[in-house]
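Could you put together the complete structure from these sequences and hints?
Protein chains in written order, with our numbering: chain Y, 1 to 288; chain V, 1 to 266.
These aren't lab readings, by the way, just hints derived from the structure by calculation.
This one's a predicted model, so the numbers in the text were calculated from it and none came from an experiment.
Watch out, some of these pointers could steer you wrong.
Here chain V is said to cover these stretches of chain Y; the calculated rule only asks that three of the stretch's residues, wherever they fall, bring their Cβ under 8 Å from a Cβ of chain V [as the list claims (entries may be wrong)]:
#	segment
1	84-90
2	95-101
Not close to chain Y: a few residues of chain V, all C-beta gaps over 10 Å, as computed [stated by the list, open to error]:
#	residue
3	A7
4	L15
5	G18
6	Y23
7	S36
8	L73
9	L120
10	P221
11	N232
For glycine and all other residues, C-beta sits at the position ideal for the given N, C-alpha and C.
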Amino acid sequence: MTTSAAVGRTGPRARVAAFLHRHARVRLSLLLSAPLAWLGLAYLGALAALFVTAFWSTDTFTGDLIRTFTWANFQDLVTGDVYRTIALRSLGVAVAVTLIDLIVAFPMAFAMAKLASPRAQRWLVILVLTPLWASYLVKAYAWRVMLSADGVLGWGYGLGATIATLSYLWLPYMILPIYAGLERLPSSLLDAAGDLGARGWRTFRTVVWPLSFPAVVAGSIFTFSLSLGDYITVKIVGGKSQLIGNVVYDNIGAANNLPFAAAVATVPVVIMLVYLAAVRRTGALENL
Amino acid sequence: MNLSRTARASLWAALALGLGVIYVPLGVVLLNSFNSDRTFGWPPQGFTLQWWSAAWRSTGLRDALWTSVQAGLGATAIALVLGTMAAFAVQRYRFFGRDTVSLLIVLPIALPGIVTGIALSNTFHSVLGIPLGLFTVIVGHATFCVVTVYNNVLARLRRMGLNVEEASADLGADTFTTFRLVTFPMMRSALLAGGLLAFALSFDEIIVTTFTAGAGVRTLPIWIFENLFRPNQAPVVNVVAAALIVVSVVPIYIAQRLSGGDPQTR
Chain Y
1 MTTSAAVGRT
11 GPRARVAAFL
21 HRHARVRLSL
31 LLSAPLAWLG
41 LAYLGALAAL
51 FVTAFWSTDT
61 FTGDLIRTFT
71 WANFQDLVTG
81 DVYRTIALRS
91 LGVAVAVTLI
101 DLIVAFPMAF
111 AMAKLASPRA
121 QRWLVILVLT
131 PLWASYLVKA
141 YAWRVMLSAD
151 GVLGWGYGLG
161 ATIATLSYLW
171 LPYMILPIYA
181 GLERLPSSLL
191 DAAGDLGARG
201 WRTFRTVVWP
211 LSFPAVVAGS
221 IFTFSLSLGD
231 YITVKIVGGK
241 SQLIGNVVYD
251 NIGAANNLPF
261 AAAVATVPVV
271 IMLVYLAAVR
281 RTGALENL
Chain V
1 MNLSRTARAS
11 LWAALALGLG
21 VIYVPLGVVL
31 LNSFNSDRTF
41 GWPPQGFTLQ
51 WWSAAWRSTG
61 LRDALWTSVQ
71 AGLGATAIAL
81 VLGTMAAFAV
91 QRYRFFGRDT
101 VSLLIVLPIA
111 LPGIVTGIAL
121 SNTFHSVLGI
131 PLGLFTVIVG
141 HATFCVVTVY
151 NNVLARLRRM
161 GLNVEEASAD
171 LGADTFTTFR
181 LVTFPMMRSA
191 LLAGGLLAFA
201 LSFDEIIVTT
211 FTAGAGVRTL
221 PIWIFENLFR
231 PNQAPVVNVV
241 AAALIVVSVV
251 PIYIAQRLSG
261 GDPQTR
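Given below as structure tokens:
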């Protein structure tokens, strides 16, 4: 180490290092350059290009893009009863999945973070993480097998089956942020609440819930967004039900109407942006 | 803690029940990989190793696995670099638009995959004129993998503080030497944990992949989806799923060991 530092002190490397050391703004710009080029220019640019496409149309005979401005896609989207129903249904599914996951995940995460011994905690986290590595498709297919008329559960396919399967698939994404949030919550605060006379429920309502809320929101971003864009689970267990994702997918594939697909895709984007803007102040984004 | 005996018992019961619900379908998958009935009749009539040997011999499966590994490694490598750079910028500096940068990093995972998928595929296809293939899959995956590395490194930097690096500078090490000998070793486990998560995310992704992979590129999830509804292949798909469940325990255990403990002790 001493030799390399001694050699470096006179070479060009030393000059670069010294320059960087003195100029914090240059260091910052260098650090930001690549991530911003990738996500700020390329990714946002791609989203913008898609949004522009939503105002174009396709030639019904040749299937070519017609690059002239039109509101037609958004008019179809707003006036078509089918699309309004599908949009509301998708929103309902996403909300239902998020609520189910929250109700199931919170007690589990609480038991993991506050009741289990540190040694048990490590194993419980592994137990929750493992299913994330098992293929999402195969888990959905396992539910298909279980839900089929002669399967273990035998409920049949449809919207209920979709909600159950999606809740199952995204449950770990809800447990892990809440667990991380609760683990950071000092147990002494709970003891203090008890010393001041609060019983279990009151401690939960006035101490645990407000402090773990950002973590809950972080989890809900995953469950909500993953449900909102899904079209594969619906295909596997949804029977004839359709969600926004299916409309987008069908318009790209079979109907070959990218502009309309782009217009439909703005619906989940707007919903997610509104949601993100609403929860930004809670600090949820740092809990992801 | 001031919890009644019943409250404790019901919380433990909820945890046990929840884990039960998580593992029953996985158990069904594992069991069905030995089910001698092609259509997974329940209860199984007999057991066989036939599907496991069929999966071992399947070349389509082996190619898909290799494609997935390549895509995962490529995406993880890019995510490691971009995520670390962004985490350093956001954690160590105060600048205008700092919150926007963190929002930007979260965005690809917060927006539904189908939106990211068609936005990228449209850009490759009609704006840039890049043919879809393994490269475009890696670009797509890296975009949403950055966030896992970013979060892990950010949390580590927050805990590390600046003292040790300042001490290194006081002892005469320049910026690069300090990074190589002090900062990087302290971040290594966070990078590994974030990288493993990124790889897992990429390995199981199908929606963005569907739109960014060309006709010839078949990752493991795409192979699985193509074969899921073929009566002849369904048992082999089950074997793949069962194998993934079993093998996945190893990286998760490593990640957990690394991200759990105190960085100072390593």
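Nearest-CB test (10 Å) between chain Y and L73(V): It holds; L73(V) is separated from chain Y by about 16 Å at its closest Cβ, greater than 10 Å.
Would you check whether the claim that A7(V) is not at the interface survives, using Cβ distances to chain Y and the 10 Å cut-off? Violated, since 5 Å does not exceed 10 Å.
Would you say N232(V) is clear of chain Y, with no C-beta pair closer than or equal to 10 Å? 15 Å, holds
L120(V) and chain Y, when compared Cβ to Cβ, separated by more than 10 Å: 5 Å, violated
Just double-check S36(V) for me: nearest Cβ-Cβ distance to chain Y has to come out over 10 Å. 15 Å, holds
Minimum Cβ-Cβ distance from Y23(V) to chain Y exceeds 10 Å: Nearest chain Y Cβ is 8 Å from Y23(V), so the label is violated.
Since G18(V) was said not to touch the interface, does its Cβ keep a gap of more than 10 Å from each Cβ of chain Y? Since the minimum Cβ distance to chain Y is about 4 Å, G18(V) lies within 10 Å and the statement is violated.
Can you confirm whether chain V covers the segment 84-90 of chain Y, using C-beta to C-beta distances below 8 Å and requiring at least three such residues? violated (count 0)
Outside-interface status for L15(V) - nearest CB in chain Y farther than 10 Å: 4 Å, violated
Mind taking a look at whether chain V covers the segment 95-101 of chain Y? Criterion is 3 or more residues with CB to CB distance under 8 Å. violated (count 0)
Quick one: work out the minimum CB distance from P221(V) to chain Y and report holds if it exceeds 10 Å, violated otherwise. Nearest chain Y Cβ is 6 Å from P221(V), so the label is violated.
The structure fails hints 1, 2, 3, 4, 5, 6, 9 and 10 (numbered hints given earlier, in ascending order).
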